[in-house]
Structure formats: structure tokens, C-alpha cells
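Residue numbers (full-length UniProt numbering), protein chains in the order written: chain A, 1 to 782; chain B, 1 to 782.
These are calculated hints, taken from the structure and not from any lab test.
Just so you know, these numbers come straight off a predicted model, no measurement behind them.
Every residue gets a Cβ at the ideal spot worked out from N, C-alpha and C, and that includes glycine.
Some clues are possibly wrong.
[What the hints assert, rightly or not] Taking lysine to aspartate or glutamate and the EDC-like style, the derived pairs with C-alpha atoms no more than 20 Å apart in a straight line are:
hint, chain 1, residue 1, chain 2, residue 2
1, B, LYS752, A, GLU717
2, B, LYS752, A, GLU699
3, A, LYS293, B, ASP316
[Stated by the list, open to error] Below, a sample of chain B positions facing chain A; criterion: calculated Cβ distance under 7 Å:
hint, residue
4, LEU128
5, LEU131
6, ALA132
7, PHE276
8, VAL283
9, GLY416
10, ASN418
11, GLU420
12, THR525
13, SER578
14, GLN655
15, PRO658
16, TYR725
17, ALA742
18, ILE749
19, LEU755
Protein chains: 2
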Amino acid sequence: MLSNHLQNGMESAKLLWSRLPNSEAEAEGGAADDLGRYKKNDGSAIESLDYEVIENSAYRVEQAKRGKLYMGYSVMMKWFFSLLIGIGTGLAAVCINISVENFAGWKYSLTFNIIQKSYLAGFLVYMLINLALVLSSVYIITQFAPAAAGSGIPEIKGYLNGIDTHGILLFRTLIGKIFGSIGSVGGGLALGKEGPLVHTGACIASLLGQGGSTKYHLSSRWLQLFTSERDRRDLVTCGCAAGVAAAFRAPVGGVLFALEEVTSWWRSQLMWRVFFTSAIVAVVVRTAMGWCKSGKCGHFGSGGFIIWDISGGQEDYSFQELLPMAVIGVIGGLLGALFNQLTRYITLWRRNYLHKRGNRVKVIEVCIVSIITSVISFGLPLFKKCTPCPEADANSGIECPRPPGMYGNYVNFYCGSNKEYNDLATIFFNTQDDAIRNLFSAKTIHEFSAQSLLTFLVMFYSLAVLTFGTAVPAGQFVPGIMIGSTYGRLVGLFVVSFYKKLNIEEGTYALLGAASFLGGSMRMTVCLCVIMVEITNNLKLLPLIMLVLLISKAVGDAFNEGLYEEQARLRGIPLLESRPKYQMRNMTAKEACGNQQVVYFPRVVKVVDVLSILRSNNHNGFPVIDHTRSGETLVIGLILRSHLLVLLQSKVDFQHSPLPFNSRDGPVPIRHNLTEFVKPVSSKGISIDDIHLTPDDLEMYIDLAPFLNPSPYVVPEDMSLTKVYNLFRQLGLRHILVVPRASRVVGMITRKDLLIEDNEDSPSVELRPTSVRSLCCFTPLY
Amino acid sequence: MLSNHLQNGMESAKLLWSRLPNSEAEAEGGAADDLGRYKKNDGSAIESLDYEVIENSAYRVEQAKRGKLYMGYSVMMKWFFSLLIGIGTGLAAVCINISVENFAGWKYSLTFNIIQKSYLAGFLVYMLINLALVLSSVYIITQFAPAAAGSGIPEIKGYLNGIDTHGILLFRTLIGKIFGSIGSVGGGLALGKEGPLVHTGACIASLLGQGGSTKYHLSSRWLQLFTSERDRRDLVTCGCAAGVAAAFRAPVGGVLFALEEVTSWWRSQLMWRVFFTSAIVAVVVRTAMGWCKSGKCGHFGSGGFIIWDISGGQEDYSFQELLPMAVIGVIGGLLGALFNQLTRYITLWRRNYLHKRGNRVKVIEVCIVSIITSVISFGLPLFKKCTPCPEADANSGIECPRPPGMYGNYVNFYCGSNKEYNDLATIFFNTQDDAIRNLFSAKTIHEFSAQSLLTFLVMFYSLAVLTFGTAVPAGQFVPGIMIGSTYGRLVGLFVVSFYKKLNIEEGTYALLGAASFLGGSMRMTVCLCVIMVEITNNLKLLPLIMLVLLISKAVGDAFNEGLYEEQARLRGIPLLESRPKYQMRNMTAKEACGNQQVVYFPRVVKVVDVLSILRSNNHNGFPVIDHTRSGETLVIGLILRSHLLVLLQSKVDFQHSPLPFNSRDGPVPIRHNLTEFVKPVSSKGISIDDIHLTPDDLEMYIDLAPFLNPSPYVVPEDMSLTKVYNLFRQLGLRHILVVPRASRVVGMITRKDLLIEDNEDSPSVELRPTSVRSLCCFTPLY
């Protein structure tokens with residue numbers, strides 16, 4: 001049926017396509033990605049990743065290097081890179097933490113020294129230091145690394161879902177993120193350094209994956225191993241997990257965060273590598289902290305790293321306590337949903353009115369926010385009447401009063417007597433880490449008055465909303481924990497008064513409050529639960545945390561989407577959710593395509609035609625058809641725009657003859673450097689305007705057969721769109737061809753056709769360490 | 001192009017197919033299952049699950065009940081069932097634990113009383129009690145519930161992968177599992193109750209899902225809600241998680257176990273429900289334990305439930321210790337792989353020589369194993385010279401010596417002096433839970449001599465291998481922990497002697513040893529890590545556990561497959577692995593089908609033809625074709641064997657006319673009770689021999705259009721088999737039609753075609769609590 005030349009073309013295409021390397025990546029050849037060029041409604045195009053092209057050519061690159069030895073080397077390198085990501089992210093986290101703690105410690109000790117003489121001078125110094133730090137941060141962001149603003153988690157989520165927001169994984173973004181978050185967190189704004197650390201981990205991973213930054217001449221050829229998009233995304237996933245593991249010293253939490261929250265396509269092989277990366281981070285951070293214990297790191301060390309150990313706290317709970325805990329869950333859901341809603345409005349407002357006016361407005365805005373924060377955090381405690389210290393308990397080891405800023409409860413701030421403390425200053429005039437430690441602290445019943453907690457809650461909540469979306473790196477974890485633990489402690493206060501039991505700790509309620517607010521705002525479940533357990537080092541409260549999270553997430557879901565989804569939507573990152581939309585069930589594949597005109601390429605195409613077709617539309621993939629001898633058309637594959645652009649630019653595959661290459665003459669000669677097909681991360685690739693062709697070139701032909709993907713996924717035209725959606729989403733596809741119903745069935749594939757025994761000396765030996773379930777098998781036994 | 005009657009038929013098919021209910025299940029209409037009838041090599045057919053049929057008809061059932069109200073009710077019921085599963089599994093676990101502890105406690109106290117007078121009489125009593133308990137267990141299994149033998153995890157894994165081994169989820173299996181494991185664990189065999197508890201959880205979930213057991217008249221109509229296979233599998237997944245959560249009191253470990261180890265198709269919505277079930281289990285178990293604390297549960301309570309708390313142990317570790325820890329990892333990998341290999345041989349040997357001879361042999365075998373176990377565990381300590389008690393440390397609260405059996409270290413057994421203890425008896429003449437507690441114990445340096453540990457390791461390892469595969473419920477977790485902690489403690493012994501540091505605890509090494517053996521044998525990663533942390537209640541050792549697991553799994557993978565995969569393979573459960581086989585990369589879809597003859601049905605088919613086709617082969621699905629007016633054939637869908645059998649049996653859809661139903665006459669009348677299509681779990685459904693047709697019936701026709709699946713997944717014939725495999729595995733399909741290349745492309749679907757905004761008042765309000773990422777959206781903002 002097929003004409004001869006078609007048959008030949010098909011064979012040569014198959015020839016190339018079937019020369020698949022024995023790589024892990026290949027093993028899931030189909031489970032690729034993603035998406036065409038997606039137009040944001042505001043007109044700017046979001047660059048999407050050219051997955052299929054890269055894979056196509058990556059295969060050949062790997063093929064070129066061929067052999068099992070190379071395969072083993074590649075697997076080894078993947079593990080080596082995971083190690084590097086772990087070390088890099090761990091060091092970045094340590095560096096950020098040491099800097100922040102030192103800036104903050106120095107700031108508070110200076111301020112404290114001055115307020116011994118004058119509160120006004122102290123305030124001015126405090127405000128100016130904050131302003132200077134924040135200014136450094138916003139300067140870096142606006143001048144150098146605009147993509148480093150915000151938490152970065154929505155963008156990373158988008159990247160792993162298949163949408164490459166420009167610039168998020170550049171070297172300058174990494175630098176901006178690290179130094180920016182030192183400034184913004186050290187400057188006392190109501191934001192955290194944990195979200196940025198996730199972004200930092202992802203940047204480190206991505207830069208390693210592409211072999212450094214070309215722009216800053218930091219690239220290295222021997223590092224440029226990971227030419228396939230899948231490998232790069234795997235590395236970024238490792239980086240995210242490493243970020244969480246480093247931020248919270250929660251290695252399992254990191255793995256689960258990467259699994260539950262960030263990735264869109266999870267492969268069980270990857271889990272193992274992500275797990276390894278997290279373990280490395282834990283070891284690196286622990287080593288650095290051990291080194292710092294001797295006092296070499298200045299103010300860092302004693303209070304140190306995040307981890308609010310409450311393992312000395314409440315051991316048990318009674319059934320009566322479940323009611324107030326449920327109340328905490330409900331409050332968390334409500335306040336979390338409100339937070340998402342308010343931040344949405346303020347982000348919209350900023351985008352539409354403020355940030356349009358340029359960088360100067362952004363800088364001024366951040367400075368104003370910083371001044372407001374300084375005024376409130378310094379000023380409000382001044383109006384708070386001091387409380388007498390509780391009677392000293394020799395065993396508890398709790399000192400009262402203490403100087404303000406860092407390490408410990410019962411801060412003496414603007415108090416008349418020496419035996420008094422200012423409870424509002426204890427949490428407000430302090431770094432957030434230490435404020436949380438104070439809020440979580442056990443054996444300090446009634447340290448905080450309801451009035452102070454309520455004041456703090458309202459003020460801090462407003463500050464957190466106000467700060468959200470300013471042009472500095474900003475995480476929402478720590479502010480969320482602050483807010484949550486405040487109302488949690490408030491509820492705890494009432495529970496202690498009401499139930500009058502001694503074994504109830506307000507700190508426990510503060511922890512549950514923190515979990516509930518994060519659950520109500522971010523809507524994470526298992527990973528949040530594990531993170532909370534890991535940062536508080538208390539496994540006994542696990543069922544309670546689960547309960548509170550269940551309630552707060554359910555309440556929050558009744559109102560709006562999670563924070564990251566909402567922010568991704570606002571930033572125009574169209575995440576493809578894991579389930580199809582409701583109305584898809586009544587649509588067919590054909591209806592989804594609408595009335596779009598399908599633009600075909602013939603197998604051998606004139607260069608001038610290619611150019612005009614590429615200019616006339618912005619499709620990202622084109623079906624290629626050929627004719628059988630009997631004149632029927634036949635779809636022989638899919639060619640990608642970016643692929644065509646590479647062909648046009650290199651010109652080496654041009655031919656004078658309009659006849660296809662005949663495979664009887666030998667294998668298709670591959671005339672060009674196949675790495676050309678690999679598109680760098682965060683770059684736009686070749687544009688059609690970059691291509692300059694002579695009139696002679698335009699008259700030549702290209703045989704597309706060697707370059708097309710000969711078996712794209714197809715669906716019949718009347719398939720339900722929910723099914724199509726699942727196919728697209730689960731396999732991470734980029735294009736699906738909609739074709740008419742088949743006229744006959746060649747065969748049926750069922751489970752038994754896919755249960756092939758693996759009895760050659762396969763290269764799985766090298767693969768084993770990476771696979772959760774080993775490929776290796778025994779010879780058949782039964 | 002289509003003929004009129006074809007068009008009508010298609011419309012009516014689409015009509016039915018598109019009347020999809022707005023259910024959660026529907027939302028992933030495509031992500032179904034699975035597999036044809038798979039022939040084991042030994043000839044017996046494994047029943048596979050008819051997923052598509054059930055879905056098909058389940059849709060209609062739900063459609064019939066229609067409406068959002070029903071949807072809300074159904075979601076609510078899913079959560080309610082999760083609650084019930086949690087409570088049920090928690091209670092089963094408590095019940096098993098109380099019984100085992102009481103039997104064991106009573107056994108040891110009786111034996112101890114007797115050995116005061118005569119060691120021989122004591123031994124006889126000890127042996128006979130063990131024998132009686134084990135006999136009761138093996139009797140239940142062989143006579144009543146053969147499917148309850150073994151751990152059950154491979155079978156459950158198979159079920160969730162799509163293979164229904166007969167009888168594993170029956171009510172009798174549940175009963176057999178509970179009482180059988182009480183007998184076998186109480187009888188002191190070298191096996192655990194944790195694997196069986198996972199199976200128990202799965203059984204409870206499955207029975208609830210199908211509304212009770214019909215056979216024992218325990219079913220209830222109002223419970224029969226979950227007619228879809230997916231819902232049932234979701235429940236079973238919840239049950240597995242509940243089982244682990246109950247067995248180890250490790251709720252997060254349970255969720256991860258279900259995610260990593262058991263399920264094949266994971267949906268993020270499910271995670272949330274699994275999480276809830278685990279939390280419920282934790283609460284139930286905790287409540288029951290609180291209730292038992294007052295001494296109402298006999299011997300249960302003080303030592304109690306599994307959880308070997310080592311939170312009082314080693315707090316820190318130095319870099320020097322990483323080397324011996326790595327050694328533990330390597331030992332774990334080697335011994336684990338050896339264990340898998342030996343159990344494989346012994347299972348094969350049993351199957352081929354022993355168990356063929358019937359139940360009597362099985363009973364005798366278990367009795368012999370029991371007697372050997374009793375002899376070794378009682379006899380060996382007699383030959384061990386007693387050790388003088390260490391100098392008493394008033395603070396440690398450790399008493400020396402103690403009476404043998406349960407609770408505590410330093411057991412006085414066959415010792416001359418009153419100030420001596422027998423270290424071998426401390427671990428050997430004891431329940432496994434308490435032996436592990438002793439091995440893990442901190443502040444008991446040099447309690448065990450290297451000689452005793454080595455003796456115990458060799459003997460217990462042999463016993464564990466010998467016991468594996470006998471006809472009693474048997475888990476491998478606790479024996480694994482026993483073996484691992486023995487050599488771990490042995491390494492710890494050397495480390496303590498070598499490094500001479502005081503803060504090194506042998507118990508820590510025992511824990512790491514346990515993790516390493518489980519990692520080397522079962523090859524789990526994240527979930528095992530979390531389970532180990534949860535059962536020891538010590539988060540600080542997390543990075544060390546991770547490290548040890550990484551090494552032991554890598555070492556083990558170099559030799560063979562994980563224990564469960566190996567056992568599944570031996571039992572003829574053909575698990576479809578998550579990655580395609582190596583040689584698939586060189587095959588096409590067409591080659592995978594081989595030369596099989598595709599058997600078609602025409603749209604309207606004579607009953608006699610249906611019968612003869614069904615008799616002539618054992619295919620499970622058949623393409624249905626129709627003719628256009630121009631005479632071309634067209635594939636209009638796929639009909640399933642089981643579906644046809646229901647049609648043949650009910651006869652209500654027979655018609656006299658050979659013409660298809662015309663949709664202009666109104667919607668297709670559905671003439672029969674649609675629940676008939678729902679196949680009960682663990683039953684074979686209708687057989688072709690059950691169908692009795694009169695000669696008149698045989699001359700009638702059936703119009704298949706309303707009953708077929710109008711859009712099965714298709715692949716072009718020359719698609720790479722790796723791609724086909726991924727499609728099949730990721731979407732959990734059962735049939736893929738291989739079709740010729742398309743002649744034209746109707747359209748292309750890319751990401752932007754699937755980003756439909758959801759702006760109707762969708763029913764997602766009811767869905768929200770179940771979705772991790774809410775469906776709800778705002779109106780477009782940008």
C-alpha cells in the first residue's frame with residue numbers, strides 16, 4: 001500500500017527513532033512533557049519548554065557517545081549531581097542563616113545599648129539599620145535580578161508543570177535570591193527565608209544541570225551532561241526538596257514537599273534520588289552547625305537555625321482538648337483563606353497601579369513598608385504596660401527579665417522595674433525565629449496576655465499582607481507560623497484558664513495554630529504535617545497536627561484556592577491541574593481543537609514554504625504527511641517548530657532534489673552537530689528573525705523524515721475530553737494529534753503482551769542504584 | 001461519509017457515554033485499569049478485574065440516581081468509609097495485640113513458675129503451649145481461609161496493580177488473618193503481625209466497599225455504594241495505610257507505605273483521604289492504649305504495643321561513626337539479599353515438593369517448625385554461661401536480674417547466682433517485641449556478649465528463613481528488625497570498644513541495623529525511613545537512617561529484587577512495573593501484538609455468533625466495527641466479554657431486527673438493571689457455561705452500540721513499545737487498540753486547548769474537601 005519512497009522514508013525515520021539509547025530517560029520515552037507556546041492574556045508569550053525536540057536530539061547525542069559504559073557514567077553523574085545539589089543548597093542555607101542571624105543580632109545588641117540612654121535614638125538606629133538592609137535587598141532585586149522577587153515557589157511549580165517563566169533559573173536570580181533574602185529577612189520585614197531557599201535550591205540544581213552559567217563565563221563543558229529536559233527537571237525537583245530540607249532541617253518533609261506540592265510528573269525512581277539529596281543536606285547543615293557551636297559564627301549558633309524544639313512540652317492530651325483544637329483548625333482555615341484573598345487583591349492592585357511606574361516606585365514602596373514595620377515593632381511595645389516576672393522556678397532554667405532581641409522569653413523593654421518584662425516586646429521586638437521559639441515555648445504559662453497576643457496578631461497579619469508582593473525575596477512560611485502560633489497561643493491561654501489542668505501547654509496550641517494557618521493558606525497536607533513534626537522535634541503531636549490540618553484545609557478550600565495556585569494564576573502561569581475540568585466531560589477532542597486550521601508539512605518541503613508557514617502562524621508542532629503510491633495521504637509524524645528553525649539556520653540538511661532520501665543508499669547521514677537541538681534553560685531559543693537565507697537557499701528542499709517524531713500520541717476525534725486530558729496530563733505531553741476513527745484494528749495490546757521477560761544481559765546493572773524497583777529479573781521460574 | 005444508521009448508532013453510544021455523572025470518579029474517566037485474563041504458566045487463570053465494564057455501568061447507576069445532592073452524599077460517604085476503615089483497622093490491631101501479649105505473657109509466667117522446680121517440665125509446657133497456639137493458627141488457615149497464609153502484601157500489591165488473586169479480600173480471609181496471626185505470633189514463631197495487619201486493613205476496606213459479605217449474610221444494601229472499581233481500590237489503599245499505621249503506630253509511615261510501596265496508580269486526591277484514615281487509626285489506637293493503662297487488658301499495657309522508644313538514647317554522632325554505620329548498611333544489603341534468595345528457594349521447594357501433598361503436610365510442617373523454634377529458643381540459652389550483673393546505677397532504673405519473659409533486660413535464666421543474668425535468654429526466651437526493645441535499649445552497654453549476639457543472629461536468621469512460607473499468617477517486618485538489630489548491636493559493641501566514647505549507644509546501632517536489614521530485604525526507602533523514625537520516636541537519627549538505607553538498598557539491588565516483588569513473582573502475580581523493559585525500545589506496538597487474530601464484532605450481531613465467538617477464544621475485549629454507506633469499515637468502539645455475558649444472560653436487549661436502533665426514535669431504552677454489570681470483588685463473574693439460551697434466542701440480534709466503550713485508547717501500529725507501555729501503565733489501561741497510521745489530522749491538542757476556564761456554577765463545591773488542589777477558580781483575572 002505504501003509507496004516505495006514513503007516506505008523508505010518511514011524506515012529511515014524509524015531507524016533514527018529506534019536508535020534509542022539505553023538510558024533511564026529513554027525508558028520513559030513517552031512520559032515527556034509539555035505544551036505549546038501559550039499566550040498570556042496580556043499578550044506576552046510565555047516560553048514553553050521544547051521537550052520533544054531536546055529529547056529527540058538528546059537521544060542522538062547519547063547515541064553518538066553510545067554504549068553501556070557511557071550509561072553507567074551518566075547514572076553515576078546523576079547521583080554525583082544530586083550530591084552537589086545537596087551540598088550547594090545546604091551551604092547556601094547555612095550562609096543565609098549565619099548572615100541573617102548576625103545582622104539581626106548586631107542590630108538588636110546595638111539598639112539595646114543605645115536605648116539604655118535614649119529610646120528615640122535607639123529607635124532611629126533600629127529603623128535605619130532595617131532600612132539599609134531592606135534597601136540593599138530591593139536594590140539587588142530591581143537592578144540586577146527582578147525574577148528573584150517573591151517566594152519563587154509558584155514559578156518553580158510552573159516550571160515543573162511545563163511552563164518556563166523567563167529568568168527564574170538564571171545565575172543572577174540565584175545571587176539575587178541569596179543576598180536579597182539576607183537583606184529582607186535581616187531587615188525585619190514580615191517575611192521568611194524558606195520559600196526563597198526552595199527557589200535557591202532549584203536554581204543551584206538547574207545551573208548545575210546546564211553546566212553553569214554561560215553569560216558569566218562560569219560554565220564548564222564537562223558538566224554539560226544533562227541535555228534532556230527530563231534530567232534537568234529531575235535535578236530541579238531534587239533542588240526543591242533540598243531547599244525545604246535545608247530551610248527547615250526537615251529531610252523527609254523536603255522529599256514530601258517535592259512530591260506533593262511541586263512536581264507534576266513523579267517517577268518512583270526519582271524519589272530515591274530526591275531522598276539522597278535531602279539526606280546530604282541534613283548532613284551538611286548539621287556539620288556546619290556543629291562547627292558553629294564553638295562560637296565561630298558570631299551571633300549564629302546558640303539560638304541558631306530554625307527548629308523550634310518543643311520536645312520538652314506537652315506529652316499527652318485529653319479528649320476535652322479536641323474541641324479547642326478543632327476551633328484552631330477552623331480559625332486557621334478562615335484566616336488562611338482570608339490571607340489568600342487579601343494577598344490576591346493587593347497583588348492585583350500592585351500590578352495595576354504601582355509596579356507599572358517602574359523600579360523607583362518599587363524601591364520607595366519597600367522603604368515605606370520597612371519604616372512602618374520598624375515603627376510598629378518598636379513603637380507598639382512601648383505602649384504596653386510591663387508585667388511582673390513570674391516567681392522564679394529554679395528547675396525551669398528560665399531567666400526573667402532578659403535584654404531584648406533574640407534568645408529567650410521575658411524581655412525587659414521599657415519597663416520601670418528590673419523584675420518586670422514586656423510581653424509584646426518579647427515577640428514583636430525580635431527576630432521572627434526567636435519570636436516563634438518564644439510562642440512555642442513550654443513551661444511559660446501566662447507569659448503573654450490575651451491583649452498582647454491579639455494586638456500582635458492584628459498588626460502582624462496586616463504587615464504580612466502589606467509586605468506580600470513587594471519587590472524583595474519573600475517566603476510565607478515563617479510569617480504564617482507567626483500568625484498561626486499567635487492565635488494558637490491565644491486559644492491555649494483560654495484552654496489553660498478553662499480546663500485548669502497543669503499538663504496543658506500553651507506552646508502546644510501555638511504549634512497547632514501554626515499548622516492550621518499554613519494548612520488554611522497553602523493547603524498542603526502530608527508534607528506540611530511532616531515538616532511541622534520535624535521542626536518541632538515532637539512526634540507525639542502528630543495525630544493532633546493531622547486533625548488540625550484536615551479541618552483547616554477543608555475550611556480554606558470552601559473559600560478559595562491555595563496560596564501558590566492563586567499566585568501562579570495571578571502571574572499568568574497556567575498550571576495544568578491534576579484533574580480535568582468539570583465541563584470537559586461533555587466535550588470531545590475535536591471540539592477542543594475548535595476550528596483551528598491544521599497546517600501540514602509534506603515530507604520533502606521547499607525551504608521557502610517552511611519559512612512562509614512558520615511566519616504565517618505560531619504553532620509549535622506540525623503534522624507531516626506523505627502520499628502512498630495510490631495517492632492516499634498518511635500522517636508520518638510530527639515536526640516541531642524549534643526543530644525546523646535549527647534546520648533552517650544550519651542549512652546543512654538542505655538538498656537540491658525534491659525526492660526523499662532513499663534508505664537503500666545506506667543510513668541517513670546526519671550532517672549536523674546534534675547538540676544544536678538542545679535548547680538552553682530560560683532562553684528563548686532561535687527566533688525566526690535570526691534566520692537569514694539566500695535566494696538560492698530558499699529554492700532548496702529539506703527531507704523532514706529523519707527529524708520528525710514518527711509516533712506522536714493520537715486520539716480519535718470523538719474521544720471524551722476528560723480522557724484526552726488525562727492522557728495529556730499523565731504522560732506530560734505537549735501535542736496530541738486528533739485523528740479520524742480508524743478503519744480497522746491491527747491488534748490489541750493487553751497486559752500479557754507487555755509482560756516480556758527480560759532475559760538478555762541488559763544494562764540494568766548500571767541502572768540498579770537508581771531504580772526503586774529493580775529492573776533485574778530472574779529467568780522465568782514458573 | 002458515515003452512513004445514516006452508523007451515525008445514529010454512534011450518537012446513541014455517545015449519548016450514553018457522555019451522560020457521565022459529575023462524580024470524582026468520572027473526572028478521571030480515562031485513568032482506569034487494567035489487563036486481560038492472564039494465564040499463569042502453570043495453567044490456572046488469574047482473574048483480572050473488569051474495570052472498564054464496571055465503570056461503564058457504574059456511570060449509569062450513578063446517572064440514574066443523578067444530581068448534585070447524590071454527589072455530595074457520595075463524597076460524604078467516602079469520608080465516612082475512611083473513618084470506618086480507620087476505626088475497624090485500629091480495633092483489629094488492638095485486638096490482635098492484646099491477645100498476643102496476653103497469650104505470650106501467660107505462657108512465659110507459667111513457664112517461669114514451673115522452671116523454678118524443673119527445667120524439663122517447664123520446657124515441655126512452653127513447647128506445648130506454643131504448639132497449641134501454632135496449631136490453632138495453621139488449622140484456621142488450612143481448613144477455613146487458605147488465602148490468609150503469608151503476609152498478604154504481595155497479593156494486595158497485585159490487587160492494586162490490577163490482578164485479583166482469588167479469595168484475598170473475602171470475609172473468611174479477614175477472620176483467618178486476625179485469628180491466625182494471634183496464634184502464630186503468640187506461638188512464638190519467627191514471624192510478625194505487621195504484614196498481616198496490612199492485609200487485615202485491606203480486607204476490612206474491601207468488605208466495607210462492597211457492603212459486607214454476601215456469603216455470611218452480613219451484607220447491607222445501604223452500604224453498597226461503591227460500584228466502581230476505582231472507588232474500591234481507593235478504599236483498599238486506605239486500608240493498607242491504616243494497617244501500617246496500626247501495626248507500627250506510624251500514621252505518616254502508613255501514608256507513605258501506601259504511596260510508595262503498594263499502589264500503582266496514585267491520585268493526589270486520594271492522599272488526603274489516606275492521611276485522614278491514618279490519623280483516625282492513630283487516635284483509635286491511642287485511646288485503646290489509654291484505656292488499657294489502667295490494667296484492664298491483662299498482660300497488655302505496660303510493655304504494650306510496638307514502638308521501641310529510644311528517644312532517651314544517643315543524641316549525637318561523630319564523623320568517625322559514619323564508617324561503622326556504612327558497614328552496617330553493607331551487611332544489611334548482603335544479608336537482606338541473601339534472605340530474599342533463600343526464601344525464594346524455600347518457597348519454590350515448598351511449592352514443588354511439600355505443599356502439593358495437601359493440608360496435612362502443611363500442618364505437620366508448621367508443627368515441626370514450632371517445635372524446632374521452641375527447642376532452640378529454650379534450649380540454647382541453657383548452654384550459655386551467665387554473666388554477672390553490672391554494677392547497679394541508681395539513676396538508670398534498670399533492674400538486674402529479672403525473671404525471664406517480657407519487660408526488661410538482664411533476665412535471670414538458668415543462672416547459678418542471684419546476681420547473674422543470661423544475655424541469650426534476654427533476647428531469645430522472650431517475645432520478639434520485647435527482645436527488640438532490649439536490643440534497642442540504651443544505657444545497657446555490654447549487656448550482650450558478641451558470642452550471644454552471633455549465636456542468636458545465626459539461629460534466628462535460619463528460623464526466619466525456615467518459617468517463611470509456612471501456612472500461617474506471617475509478616476517479615478519484625479523478624480527483619482530482630483535480625484538487623486542483632487548485627488547492628490554487634491557492630492555497636494565493637495564501636496563502643498574501639499572508639500571508647502561514652503556517648504555511643506549500642507541501641508542506636510541496633511536501630512540502624514534493623515533499618516539496614518529491612519532496606520536490604522524489602523527495598524523500601526522513604527516510607528521505611530519514616531516508619532523507623534516513628535516507631536523509635538527519635539527524629540535525630542533520621543539522616544543516619546537515610547544513609548544506612550541508601551547503602552543497604554543499593555547493595556541489595558545489586559543481587560536481586562525486593563522481597564515482595566520476588567514473592568509476587570513466585571505466586572504468579574505479574575506486576576506491571578513502573579518502567580518498561582529494556583528490550584521494548586526496539587519493538588513496535590504491532591510486534592507486541594504478535595500474530596494474534598483480531599476478532600471483530602459487527603455493530604448488530606446475531607446471538608448465536610456472539611456465543612460462538614466467545615466460546616472460540618478467551619479474549620476479554622473485542623473491537624466493534626460498522627460500515628459506512630460507502631462500504632468502508634470503521635471501528636466504533638470496544639465491547640468487553642463480561643459485558644457481553646451479562647447481555648446474553650439477561651436477554652432483555654435482544655431484538656428481532658438486524659437493524660440498529662435509530663436514535664431519531666428517542667434515546668436508547670435501557671432495558672435492564674444496570675447494577676448487573678457490577679462484578680463483585682473476588683468472584684469470577686458470569687461464566688459462559690452459566691448461560692442458557694433457547695434456539696429462538698439464538699436467532700435474535702443485539703445492537704451493541706449502547707454498551708460499548710466508544711473511545712478506547714488507540715496507538716498507531718509503529719509506535720515504540722516503550723511509549724505504549726507508558727501509556728498503558730500510567731493510565732492504568734486494560735486494552736489498547738493498535739490501529740494503522742491515520743490518513744489525516746483533524747486537529748492538534750496542546751496545553752492551551754486544555755486550559756478551559758471553569759465559570760459555571762460547577763458542582764466542585766461538593767468536591768472540594770476531597771481535592772488536594774481545588775477545582776474552583778475565579779473568573780479570569782488577566
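Verification of the supplied hints:
1. LYS752/B / GLU717/A: holds (18 Å)
2. LYS752/B / GLU699/A: Cα-Cα ~35 Å, so violated.
3. LYS293/A / ASP316/B: holds (13 Å)
4. LEU128: violated (39 Å)
5. LEU131: The hint is violated - LEU131/B has no Cβ within 7 Å of chain A, the shortest such distance being about 33 Å.
6. ALA132: violated (36 Å)
7. PHE276: Since chain A brings a Cβ to about 6 Å from PHE276/B, closer than 7 Å, the hint holds.
8. VAL283: Since the shortest Cβ distance to chain A is 5 Å, the answer is holds.
9. GLY416: Constraint on GLY416/B not satisfied, violated at 42 Å.
10. ASN418: violated (36 Å)
11. GLU420: violated (36 Å)
12. THR525: holds (6 Å)
13. SER578: Hint holds; SER578/B Cβ to chain A Cβ min 5 Å, cut 7 Å.
14. GLN655: violated (25 Å)
15. PRO658: violated (22 Å)
16. TYR725: Holds, because the Cβ-Cβ distance from TYR725/B to chain A comes to roughly 6 Å (cut-off 7 Å).
17. ALA742: At 4 Å from the nearest chain A Cβ, ALA742/B passes the 7 Å test, so the hint holds.
18. ILE749: holds (4 Å)
19. LEU755: This hint holds: LEU755/B lies near chain A, its Cβ roughly 5 Å from the closest one there, short of 7 Å.
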